[in-house]
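Please model the complete structure; the sequences and the hints are all you need to start from.
Chains as they are written, first to last, in my numbering: chain A, 2 to 132; chain B, 2 to 132; chain C, 2 to 132; chain D, 132 to 506; chain E, 132 to 506; chain F, 132 to 506.
Be aware that one or more of the hints could be misleading.
Computed, partial: chain F to chain E, Cβ under 7 Å [as the list claims (entries may be wrong)]:
1) G144
2) I145
3) I167
4) P173
5) A191
6) L391
None of these hints come from the bench; they were simulated from the model. For each residue, glycine too, the CB sits at the ideal point set by N, CA and C.
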Amino acid sequence: MDHGLSSIVYGQMDINMSDTFIQALQITALGMGLVFGAIILLWGMMSLLTAITADKDSFHASRGRASAASAPVMDGELKAQAAAVAVAIALAEQQTSLAHPLPDPPTAFVSAWQLGMRTRQMYQKGDSFRR
Amino acid sequence: MDHGLSSIVYGQMDINMSDTFIQALQITALGMGLVFGAIILLWGMMSLLTAITADKDSFHASRGRASAASAPVMDGELKAQAAAVAVAIALAEQQTSLAHPLPDPPTAFVSAWQLGMRTRQMYQKGDSFRR
Amino acid sequence: MDHGLSSIVYGQMDINMSDTFIQALQITALGMGLVFGAIILLWGMMSLLTAITADKDSFHASRGRASAASAPVMDGELKAQAAAVAVAIALAEQQTSLAHPLPDPPTAFVSAWQLGMRTRQMYQKGDSFRR
Amino acid sequence: MDLVSLLPELLKGILHFTWGNALMIAAALVLIYLAIYKEIEPVLLLPIGFGCLLANIPLAGMTAGEGMMAVLYNAGISTELFPLLIFVGVGAMIDFSPLLAQPRMALLGAAGQFGIFGTLLLAILIGFPLNEAASIGVIGAIDGPTSIFVATKLAPELLAPIAVAAYSYMSLIPIIQPPLMKLLTTKKERLIRMEYTPKPISKKTLAFFPVLLTLVVGLLVPEATPLISMLMLGNLLKVSGVVDRLSKSAQNEIINVATLFLGLTIGATMSAASFLNLATIKILGLGLLAFVLDTVAGLLFGKLMAVLSRYKINPLIGAAGISAFPMAGRLAAKVANDEDPDNFILMHAMGANTAGQLGSVIAGGILLAIVSKLI
Amino acid sequence: MDLVSLLPELLKGILHFTWGNALMIAAALVLIYLAIYKEIEPVLLLPIGFGCLLANIPLAGMTAGEGMMAVLYNAGISTELFPLLIFVGVGAMIDFSPLLAQPRMALLGAAGQFGIFGTLLLAILIGFPLNEAASIGVIGAIDGPTSIFVATKLAPELLAPIAVAAYSYMSLIPIIQPPLMKLLTTKKERLIRMEYTPKPISKKTLAFFPVLLTLVVGLLVPEATPLISMLMLGNLLKVSGVVDRLSKSAQNEIINVATLFLGLTIGATMSAASFLNLATIKILGLGLLAFVLDTVAGLLFGKLMAVLSRYKINPLIGAAGISAFPMAGRLAAKVANDEDPDNFILMHAMGANTAGQLGSVIAGGILLAIVSKLI
Amino acid sequence: MDLVSLLPELLKGILHFTWGNALMIAAALVLIYLAIYKEIEPVLLLPIGFGCLLANIPLAGMTAGEGMMAVLYNAGISTELFPLLIFVGVGAMIDFSPLLAQPRMALLGAAGQFGIFGTLLLAILIGFPLNEAASIGVIGAIDGPTSIFVATKLAPELLAPIAVAAYSYMSLIPIIQPPLMKLLTTKKERLIRMEYTPKPISKKTLAFFPVLLTLVVGLLVPEATPLISMLMLGNLLKVSGVVDRLSKSAQNEIINVATLFLGLTIGATMSAASFLNLATIKILGLGLLAFVLDTVAGLLFGKLMAVLSRYKINPLIGAAGISAFPMAGRLAAKVANDEDPDNFILMHAMGANTAGQLGSVIAGGILLAIVSKLI
Ligand code: NA
Ligand code: NA
Ligand code: NA
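Here it is in structure tokens:
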């Protein structure tokens, strides 16, 4: 089981290890390349998928965008209150979230975010867009 | 895998197929006969079973019969209303019923029927028995 | 399969059976001794365990003891009422308890006992300790 | 390591992809589409479709050797555990009181099995050997577990198309049956109203029925014992009223897990190599015929009963005798109701429908007995 | 095909039916009747009865080869998986705090195991070989999974009568124990009231107990490790309070499914051919004796503790040390309460009862260790 | 019987106890302690700890031959059934809409896999053969089922330390990641706010995504098919909305039972004889490194994206790309929020986090494909 020593003792083994290391470097290059390749393909696929289905759901989509775009920021004092709410939620979630691989139904974070956004909107006072 | 051709090509095979077909006819006659035989036996068994246990449950039985017998029909206008209710129920059930082999608990149809009957009784106005 | 006869027929077998019986007696002595030994060890272990953890929970422990120690008995008339409640509970539990190995969650008996105790305490009138 | 020589190896998945795979994946997508957007038998078509997808991804290794689908197949299909466990759950959901209240409805459950034998005849005619013809015929049981059970025993190589036909057409019953009902019955017949003055069924009767039925069917048709006994076990768990825990387990975790795994593994047998052939197309055609023959036989027998009962019996309930519990029963009631909004024959149709469930299992057992002896 | 020659083939089920089958089916019906109408251990007697029914339907093929019952037997009884999984669930339902609050109650859990060894002696006397006698003795554990676990290891051929005896008599405890209690204790003894001033048990103690117990028992009696560890695992899942999901799974799907399958497969070993013999009758008799001996030993030890404690201990709780959790504990409390409606000894009886559960497993392991070495 | 000669036999458990067993039991107690009192991944660490306890009780026989742990290992680990079933449940709990709403987040899920290959390099350097080095590297997937799946295929003898490292460090993520986040990002970077104006994702998209992903990943990386397909099956069951029964089964009984059994059996491979060696210590060290490398690579890539996007992207979300769903996502959001209580990046972090889950599975499959070819 002592892998560390057996392959260093002899010079020849050292050369072999060097070969193995070069092979491992090649695996790394190839592996990371393929991972990025696959993920980029996925990116394209997802963009295409949402683009295609968005056309068919354009009514909902535009409505959704509108409401999202019109969500402005709130002013200083209220920000703090909203943030306090959001942080409390985040912390509460953090505590219950340790039990991977049995996470809460992911609606939990969606609604946490929505709650944060709603809190913002509730307090909003017609400020201009921040960008 | 092409079963259709292999057995028609030669005359001899044709004769064999004919034999097989006669055998299949015999299986059909015997099979349907046995199915009917078994089901008739079942019929008798069920009649016997309900007859035996009915004696012991005679009080409930007679009461049940009485209420069923006294369920008269309702007049025209109200029929339509009751039917509307029942059809709505039936349609609602139809929609949820597609997921065989995981049907709703069968109490669903019992209560649907009961609801229909109750609707009838609710609207009844002392009409004579229809038979 | 007829074990009873096959070993009594011959005298030699009888002797063997006698040997076997002595062996069985030894097994019984050894077995019961070991069972008692293991259980006594368990007793010690449990005493130690509760003693060690009780030190750390001394606050709760003393509080718990106090309330338990202060639970006095009630006088005659009320005893009967409390007993009636407790017996009703016990009988109700008895009926639902037949389905071993699927017993009710054991909180059931704890709360039954607590209910009995609470009933006592409810009716208590400052009587002296019974001992 | 020669990285260049590795590259084709890394594209092996695509290189091994065939037109057959593409076709089967298209079929899988159709099944998944029907399940999700048409809500046709989704608990089965969704897993079957997904299993079919997996079986047609080259070199994924899930359906061979120690692959997950192969493991599940050996654990639950070869041993027939999954269909039998599904029957325990189905049994715990069936209510036999409409049938016990009107025992003569049982006869309709016999007539509705003609499709099994009629289809066997046709399959023999177009050249299938007896064991395969019988397996195809049992699509006419119009009951998934029965079809799978018999096919696994007689012709496991045809399991995939048979199971797919059984479940797909079952989901198409609301499309297949009504035209036949209207074609074969007159408006006058469809308007017949039926009295429902049931004998009340005691709890004792309900509990004794599954036990007695297991015994009687088991002694008469030993081959049907596994199916009928598991159906009746589930029913006994429910109607006994004393083992609520077990009854709920049967109706939930047992049937859910068995259904998911059965669907996946059945789907995973649909690899292009074994599924795409003429036999499959023939089986899909014969399966549709089996549904039609069942319905026709049921309706004709219903008409006979209508005549013999002096038109006290609505022949539509004959169509409910084919099994396909509980859709066929509800459909017959709905057609009568559509004709006359004041006509309620649901309880009679459900009686015929549960009888059809029993008749299907019995017919499957009888077929298995006869054919096992002959081959 | 010669149809006339087929007919006897089609009646083969009835032709192979024996008087033994009829007798066993009658027994099955009695078990099912007791389960449903007397509500005696229905979660076990109902599946056992139904399994017995299936085993006595000739040629049904469910208990041999690739039959469903044979598949389940190989999966869960041969491997001892079902009894161990049941123990995970039982452990998640046991509350050890009454025992931890009064550790000396543990002694009663040792005395209540005498029936195991007493019955072994009697079984040897009437001629059973050692391995079988020990398996019969373990009926005196008065705990289903322990009996099945030991019998599977030592004498699997006797599993059916042993399991049936264990579960049937367990359900008859309210009939078996009270006469013995009244015979062996005086009215004065039964009237003894017991203080319940428990040390409060911290969550930490409750969580550490199952881990420690597994270690100690495991090191002392390795043969008992599977049983004790699964019981303690279930308990740890519950008392730890951090794995609610797993605790609920143990108390529901795991124990329900294992119980259903265990009952069915145990019942399915009761075929006339293997069950109807003199040995079975002897085992049923010895099993009853085991229950009596356990109760007597428990009560006598209770009387001894009463004397030693200067009548601070009610000897009735000795009868709760036999295991049979939780019925025996409740029964002892009820008998005391019947004598004096103001006498509450439930918590003490439950302490002795949980000790009896532990004692049974330990005794089973010790017996297994000794006998495995000798045979 | 010579009782005196039996006594040493009866102490065999203690006589066979080794210092190694004691050490491993201490480790088991630490795992159980962390699970219960620190609530660190209790659903896994508690069963693993308990399994480790069982494996180090001498002669208990649970981990060898027909012992319960051996039975479960053969049923669910050798066949990879348990990790795959866990993935069905995890899939039914994942929500891909944050990722679908911002597809470019997927890139972060690629960067977060560098730890796999970096650790492989290091493992080769200190002398592990390629198959073992790759298995150790896959700890960097930071996903239990993926680690177990790949290790079972490439180096099952190292399964125990790999699984223990994967799950232990995963639970320590709230301790491991924040220092790295603060070290590698400037305060200005951590203050970057991100717009969340998502394209609304239709139900159709959500349902088509898992099917498409299974197909694309399956065709490109056949070795990843079992993992990705079961994850996507679970997701499809949920998002389809038509098979509520199956979705609930996946999220409850299937994942709970598989998790309990997986934890126990993984723990039961931690016997002193096979676990206590230099390799284990090296693996535990390399595993920690894998977590660090993943986080560093994710953060650096996040910084790159921040620059390229002209500081529209907060680099902290890079740390969420390592997988460890859903903790890593929440942690990144929390660190940003701690810096500026008004900064909400949770949805972006969850997008990166689900991408990391996909990236982990894909990277695991690619590694498996390359290494399987080379060894
Ligand atoms: Na049918
Ligand atoms: Na006992
Ligand atoms: Na990762």
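What are the numbers of the hints that this structure violates, sorted from low to high?
Hint check: nothing fails, all pass.
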